[in-house]
Structure formats: structure tokens, C-alpha cells
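Novice: Residue numbers (my numbering), protein chains in the order written: chain A, 1 to 317; chain B, 1 to 277; chain C, 1 to 473.
Any given hint might turn out to be false.
[Claimed, not checked] Which stretches of chain C does chain B cover? Using the computed rule of at least three CB atoms under 8 Å from a CB of chain B, they are: (1) 124-134; (2) 252-258; (3) 301-312.
[Said to hold, decoys possible] Simulated restraints, written as ranges between beta carbons of each label pair: (4) A:Glu291 <-> C:Tyr227: 43 to 51 Å; (5) B:Arg50 <-> A:Thr223: 54 to 62 Å; (6) A:Glu125 <-> C:Glu216: 38 to 46 Å; (7) A:Ala277 <-> B:Glu264: 45 to 53 Å; (8) C:Pro381 <-> A:Pro130: 56 to 64 Å; (9) C:Ala104 <-> A:Leu154: 42 to 50 Å; (10) B:Gly96 <-> C:Arg392: 48 to 56 Å.
[Stated by the list, open to error] Partner residues aside, some chain B positions facing chain C, computed with beta carbon under 10 Å: (11) Val21; (12) Ser69; (13) Leu107; (14) Arg249; (15) Arg255.
Derived by calculation from the structure, the hints in this document are not laboratory data. By construction, the Cβ of each residue, glycine as well, lies at the ideal position given by its N, Cα and C atoms.
Chain residues, written in single-letter form:
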Amino acid sequence: MLSRTAANLYWMGRYMERAETAARLLQVGERMSLIPSTGAGHRSEWVPLLQANGSFQTFEAKYRDPVQRNVESFMFFDHDNPGSVAACIAAARENGRIVRTALTSQVWDALNTAFQELKALERTERSELPLTRLTDWTLRNTALVRGSIAATQLRNDGHDFLNIGYLLERADNTARLMDVKYFVLLPRVDFVGSGLDNYQWTTLLRALSAHRAFHWAYGGEVTASKIAHFLILNRQSPRSLLTSVQGVNDHLNRLSHGYGRAGRPQATVRKLLGELAELRIDEVFDEGLHEFLTRFIHEIAELGDAIFDAYLSGDAR
Amino acid sequence: MILTVHHRTRYTYDRAMRGVVQTQRLTPSRFDGQSVQAWDIAVTCDDGARMVPGGSFRDGAGDLVQSCSIVGPVTEVVVTVSGTVETVDLTGVLRGHRERIPPEAYLRPTSATAADVSVADLARQATDGVPESDGLARAHRLSEAVQAAIAYRPGVTRAHTTGAEALALGEGVCQDHAHALIAAARCVGLPGRYVSGYLQATENGTPHEAAHAWAELWVAGLGWVGFDASNGVCPDDRYIRTGSGRDAREAAPIRGIARGPGTEALDVTVAVGQAQQ
Amino acid sequence: MTQAQAFFNEMFDAGGVRGPYQQLQSWVDDMPAELRSLKQAEAEALFRRIGITFAVYGEGGDPERLMPFDMFPRVFAQDEWRRLERGIIQRAKALNAFLADVYARGEIVRAGLVPRDLVYRNEAFEPAVVGFTPPRGVFSHIVGIDLVRTGPNDFHVLEDNCRTPSGVSYMLENREIMMRLFPGLFRENRIAPVDGYSEELRRTLASVAPPKCDGEPTVVILTPGAYNSAYYEHSFLADLMGVELVEGQDLFVEGEFVWMRTTRGPQRVDVIYRRIDDAFIDPLCFRPDSMLGVPGLMDAYRSGGVTLASAPGAGVADDKAIYCFVPEMIRFYLGEEPLLQNVQTWQCARSEDLKYVLDHLPELVVKEVHGSGGYGMLVGPKSTREAREAFRARILADPGNYIAQPTLALSACPTFVNEGVAPRHVDLRPYCLVGDRVTLVPGGLTRVAMTEGSLVVNSSQGGGVKDTWVLSE
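Okay, chain A solo, but in the shape it has when bound:
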């Protein structure tokens, strides 16, 4: 397959995942804004979300006031914000359009319909668009695209690159979300069981659509190390770092079998996976959660570079 085609598929995956993350953050934000907080009032609840998304400064420069309507504009509609739902879906669709021949008609249809509906939403009066409609719309469409991929795409190398994009982005997003909230997960005795703590943990889990799953998986008391374990090392958790890295590893293995050769990407992911698989959660806390996550984000980026050099650049021999 053309290296450029592989790159477009990879980026299509990354942007779709990023759009979904943005919508999830908005969903959580709205929920939190409905519950009276213990701190500085409703408005400030949006700030951590923007911080999680790494876009607070961009937001502040343009909108200043972190009220819901502004945050909605910024995180859903704003094409100047490369992490907004609209920008991500447009970018995913553009990547998809360039490589239409590598997508099944169902996948293209799902992607293009999302884009066309998005344009219709952009033309709709904002008063007719409650936030739930926007977030539901996004999650439904991203699910539709992913479902079409799962159901119809040939399991060829293009499928691998698409999924590698999705999974790397997911690993990165989960790690970043945790990193913003890492201080909440520090096992400081005095906070455990306090209203604030529970609340923040719940936020984090909700942002990852995982709070019910968490209870099913662990039960009993919510503790920092259980949450950290769930998001980092749990193989059942769909968004844990280990699950994501395992997925990248599997797809890279498929590529090396198909192409009859392995290289730096496979070596890099194997090392990362090996480390995660043997890691215990108290070791993470020993290293320092923030330090661990920083290192992980860096390693994910390195893995991305290795994949670019080996497959996407077109310069590999």
C-alpha cells in the first residue's frame, strides 16, 4: 500500500478518536455543571476539562470566559481549535476522502454522512442544539464509523494502520487525562473518602466512559490505586494504557507477518508492552504517577515516530 495512503488512514483513525475524546469531555462537563460543586461555583468546572484537553490557554486567549456556551463553541464548533469535534471530523473526513479507494463504501458513507451532518449542525440555530444533542451526535457517529470499519474493512494492512491510529491516540488521550488529574490519584490519606475526592475520581472515570465498568470490575471501595490500575494496567478496560498498547502491538505484528519483516516499530512496542505487562501499580506510584505518565506519553510519541519512519514516510527500504 502507498505510504501516503497508510498515513491518511492512520490520521483518520487518530482524528476520529480525538473527536470522541472531545465529546466525552463535553459530556462530563455538562454533567458536572449540573451538580453543585464544593469549590468555586459551577463555572470553574469547565476549566479542568479544557486543561485535560491541553487547550485551556488557546481557549482563554479567544473566549476568556469559561462559561458553557463558550466551551461548547470552542470544543465542538471551533475550527481554529484543532482538538474540536468539528475540526477533528473535518480532518478525519479529509484524510478519508483522499484515500477513498482504501475505504469500503460503508466506512466512507459513515464518515461522509457525519461530515455532511456536521455542516448541517453548523448551520443550525444554536438555541436548538442542547449540548446533549451535540455529544450524543458525536458519539453515535464516531461509533458508526468505527463499527463500519470493524464490520466491513478488509483485514489488510490498511486496517492495521487505521487501528494503530485509533489505539495510539487513545493511549495518548488516556495518559493525558490521567496526567491532568494525577494529583487526585495520589494516595494521600487525608483526602480519601472525602466528597471532593470521590467527585474528581468519578469525573475522570466518566471522561473515559468507564465509571460503571470500574464498579463491575472492582467493586467495593473506590481507591486511588484501583482507579490507576483500571486505567493503566487492566486488560479488560477498553481504554487502559495496557489494552491500547497491546492493540498496537497486535497490529504491528500483523504487519510484520504480512510484510515478512519487522523493524524498530515492533521492537519499540514490544519493549513498552513488556514493561507494562510486568508492572505493578505500586511501582507506578513509587516512580511517581506524573513521572510515569510523562515517560509513557513520550514513549508513545517515539513509537509513533518509529511507525512513521518505517511505514508512513515512504523512505524506508
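Starting from the known structure of chain A, arrange chains B and C on it as the hints suggest.
Specialist: Only chains B and C this time, still in chain A's reference frame:
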């Protein structure tokens, strides 16, 4: 006359390039005025890189085109040409040269050879009074007029200077003389083209530039005839003809593109001598 | 709809409904208005969903505008089509023979049948391919011939397209859409299929693989990129043929061959169906500033390492001044009489023609020699005095750049309009493939001027498209 040529072109890059592709017109033309006794073109690059010879063919103008590519990382490419050619003075006439491109095809301007009002005026004045039937005389007049209008002076014009611009400046090098002459010739309906090659330096005169260029104009009845407006002569047995085209870019001995982040530096040395008989 | 008119009506003649359209009379009569608008909306949604849109050069606006699609098909009887087909194939052969000749010895020029300057000073004449013989001697592998009809048996060629004629995706998609919207019509009528086109195109391209290719040739389509107005077509054809759609950056020359950058490493490419203009295909040979091309491509081509379709310089056969000589070409190379007529053409480069043109501007269509897409033309009968005077000045400034033709009474085909069904003028572009054999699928692109009375069918000027049927009995 037997001429020897040593021509070395060295490209260096301040950062390693991913690859280089070149197309070369470095082989002496086949016509009655010159015959090759020995000729060798070598392309070398640094150890980490690999040179792959490309296709080779004779184009419609009769030039031998050779291409090559270098697979990087590469920081240096050296093209070395050396050989011996026996030449005969045909007073500029390109006799016995096989080519397919009709002369009319050279009446289309390129950006380097487009005429402006001054070029047209120069052409008209130069040929004033010379009957259209006497193409050779008209061609000589044009060449003389260009020589008079553009003083030889290196360093004032650049690779992309057009013939019309050089005429406006009144100064230039052989490339500018050739471009201006081609532009002027077209104004009076004479097809003209750019020729690149070598010129042997002599002790008495001061011929310019061993890696040389001149123009050929189409004269009905004679065919293509060379005019070196820089030196005010028609090419004789001191000249070796290699490539041709509608302008310097098309006729260039080496055209290449390097892919990568670096910037290119170029160093050329040419020596043309007369072999001991 | 049956009143006497100054143009040929494809559906009705003095005797009523013409044969090929028999079935359509009841189809349209039985279609309630609601159903029609429902189907029209469905068609539009289908086009939108598959993403078949086009951008109009120089107009800005929505680059994803839909081409207006008219559901009323244009129909040819089998015998009508057979005659057309022979004429088109004859013309495609002659055009290729002309190209092979002018890039070799130029016998037709030596014979004095085509003026030297018209060929060799033509801006589409490419010195870089002189003396080079492409595989099987074919220069133009896809020949699009624009035809208009003025009577039951009168077809005229408006222009030839030897470079990279576009629009074939519409021919294929229009058929797909029609089959989805009106399957019943296809059961009742025996309509020759057009979907063999992509396989025939692939086969044609593979048949001109270069001498250095051993084994199954790798064919690719080279596009300027996703922002080109015809990108949809490029990707559509690549998909149907099962070949890669590449941009210049995906290809590189190494040694004697062209390679594409793939996730498995370099893969050799043998045949490039290029949809970019000559000037951009190789910065080492043509425009040095081209970012779209592949450095060294022309050397690989001329030394037999790769085939380009069409050959650079193929455009010299299809400019509007050369057009006048196509009947001569047919006689000279094929020893046959032309089966399709040319439209009478005045060349403003000739002083007597120029005089005639300037004296008769209100009744002529004046075009730029190298223009396309309906730009830079004057339709005399539809023009204002000011427009004609402005055009007169442009012609006088550069007569050689203009030709003129009589305003033809283009045939009209029933077309859905707001008020119901009304005749609208149409033309036809069939696509002839030239490789080891010369073939034509039964159909083509029918373009329709959606505005009443308009004769300009170009999509860039508001024209639409129709499905084109050839009945197989």
C-alpha cells in the same frame, strides 16, 4: 585539432540529502566537426550513498542524454568528465548532425529567450537592408549586434537572467549573449537555439569560459550554424559541442534535483587543452 | 413538446415519438409529480453521499457543488450507435496516427496537407518527445470526442480531446444512479451496459507497458491531488481498476525506473495514467517549479522504463486549429472518407477568414484555440453588442488565438424542468480507448444545457448531465 577535456562538478550539501536525480548532456555531439577518441563520465558520491545509473537515450535534437540517481543519505556528488575529441573547423556549420526536431519548433520562446521591445528593435536595426533571402548575413549581423550591445562582464548577471534583461543591463556572460541572440533571431523569423559545450583557451586571444555556451541559428540552405557572440566568432575547431535546447536550462550539461533538508553548494573546474601531436 | 422547432428533437419527430424513446413516453406520463421530486431528491442524496462533486475553476464558491443530474435519459438506437462508433474509432485512430507522424518524420506536413507552423510552432507540440516512439506507437490512449447532433443522421464533431479527457466517472455513476432509481426501466428496455469501461481501461493501459517491463505491469493513476476538481474521478477510476492513485510525491525515479513509496518499500511502476498537465510532470524537463511531478520521469519514459498515458505532447492533435485538418488525417493515414463531419471552422489566423468572422460575429460561435470548459468564448446569437465589440478587440489583438464556427442547432432531449418536461440542448462525449486495440463502450457523457435555449453545456457554465443509453436491439 585534438582537444582534451577535464571537467569536474562537485555538489556538496550542508545536511545529508535523501536522494539526488540528475539528467546529463555531457557527451560530445556526433557531427562532421568532431569525433570522440575517448570519453568518460563518472559519478561518485560519499560512502553511505549509492549511485544508480539511469536510462540513456538520444533525444530528438540528437543529444545523448544520460540520467542517474543517487540514493542517500548523501552529502557529496562529484561528476567527472574526461576525454579527448578530434575537431575540425567547419566555420560554425553543424554539418552531418542527425536530429529530428524541426527548426520551427525553436521559434517558440521560453521565459529566458522571450523578446521585449528593445530586443525587437535591435533585431530590426541589425538586419535592416539585408535581404531576407540572405539568412547567413542576417545571422552574422544579429550576432555582431548582440556582441556590441552586451559587453562581456562576469558577475553582473545570474543563472535566471533573461536575454532581454541582459540586453537592458548591457553586460553579461556567454549565457546572456546566447539568450539575447536567440530572442533577437526569433524577432526576424530565424529559429535559434542554445548550445552548451567546451572552448579551448588560447594564448593570444582571451576566449571566455572553458565551460562555454553559444547560439545556433537556422539558416535556410545551410542548416544550423553556430554563433558565439561572446567571442565574435563562429565555433571552430577549438569548440566542443555537447548539448542543446531552447535555452540554457534545457541545454544544461547537468540538471538535477536533490531531495532533503540541506542546501546545495556547487564547485566547477574545467580545463580544455590541446593534446601534443 | 411536439411543436415544430428549429432544432432536432431527440424524442419527437413529425411521426410522433421516435423509436428509441418509445418506452420512455409512458414512463414519464405515468410518473406523478410527487414521485418525480422524490426520485430527484433521492438522486441528489446519492450523489452527495458518494461524494461526486466538482469544483469550478476560477469561480470560488462551494468546491463540493453537485453537478446537476437530469433523470431523463438520452437514448440511441443500436443502428445509430453503430454508425457513431465506427466514426469515433476512425477518428481516434487517425489522431494517433497523426501524433506518431508529427513526432517522427512528419509526412503529413511534408505532403503539404497540414501547415508546418500550425504543428511545430504549436504550444502543445513537445520537442522532448520528438524521435521517441511510445509502446505500440500510441500517444493518446483515451480519446474523448465531443459530438453534437443536428438531425437524424447528422453528427458533427465539435472538438477532440487527446490529453486527459474527464467526465467518464459521470458516465458510470449516472448509470449506477439510474439503475438504483428506476430498476423497472432497465428491465423493460435492453440497455447496453457501460460498466465494462474500467476493466477495458485497465487492460488498455496494461497493453502499453514499456519494453523494459517483464511480467504483469503495474498501472497507477497520477493525480495533482485531492484539491483538483477532477479528484473524485481520479480516485473513482483507480478504485474501479484496482490500481493505486498516486501523487507526484509518492513516486520517485531511481536508475532506469519509476518507483512508488509503499509501506513495504519501493515498488516499481510500469504505466502511469497521468491526470496532470505536460508542464508539471517532471521539473527536470518541464516547469522547474512544479511540485506535482516526478523529477527524472521524462528520462525514464524516453529510455523505455515507464509509459505515460497520454504521451506528453499529445495535445498537438486536439487544438482547435489542428481540428480543421482531422478529415485530411483520416484520408491520409487511413485511406478512408471521414464518417463524422467536422463543423465548418474559420481560422482567424487567415486574413480572409478573419474578415468573414468579424463581419458575422452575431451569428458565429468564437472560441480560443486552446480554451476549454466554455471559457473565453463568444456565442454570437446570445451576445450583447457590447460583448461582441469587446470580443472583436480581443480577436484583433491576437487573431491566431481564435477560431469561429456557425452556431449549430444542437439537438434537444426531453429534460425535467420546474414546469414538467421540456427540450434542452445536449451534446455527447464518448470515450474511446486506444491500446493494442481500439474500443468504445456503448455510451458516453451527455451534457445538457439546463437553461432554456442555452447552447453552452459545460459544467462550469451551469450545464448538467444525463444517463446515455444505447439500446441493444
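Novice: Confirm or reject each hint.
Specialist: Results for each hint:
1. 124-134: As far as the region 124-134 of chain C goes, the hint holds, because 7 residues have Cβ atoms under 8 Å from chain B.
2. 252-258: Holds: 5 residues of the region 252-258 of chain C have a Cβ under 8 Å from chain B.
3. 301-312: holds (count 4)
4. A:Glu291 <-> C:Tyr227: 43 to 51 Å: The hint (43 to 51 Å, Cβ to Cβ) holds, given that Glu291 (chain A) and Tyr227 (chain C) are roughly 45 Å apart.
5. B:Arg50 <-> A:Thr223: 54 to 62 Å: Holds, at about 60 Å.
6. A:Glu125 <-> C:Glu216: 38 to 46 Å: violated (58 Å)
7. A:Ala277 <-> B:Glu264: 45 to 53 Å: holds (49 Å)
8. C:Pro381 <-> A:Pro130: 56 to 64 Å: holds (58 Å)
9. C:Ala104 <-> A:Leu154: 42 to 50 Å: Once the Cβ atoms are compared, 47 Å apart, the range 42 to 50 Å for Leu154 (chain A) and Ala104 (chain C) holds.
10. B:Gly96 <-> C:Arg392: 48 to 56 Å: This hint holds: roughly 51 Å between Cβ atoms.
11. Val21: holds (4 Å)
12. Ser69: holds (5 Å)
13. Leu107: At 5 Å from the nearest chain C Cβ, Leu107 (chain B) passes the 10 Å test, so the hint holds.
14. Arg249: holds (7 Å)
15. Arg255: This hint holds: Arg255 (chain B) lies near chain C, its Cβ roughly 5 Å from the closest one there, short of 10 Å.
The structure does not agree with numbered hint 6 stated previously, though it agrees with all others.
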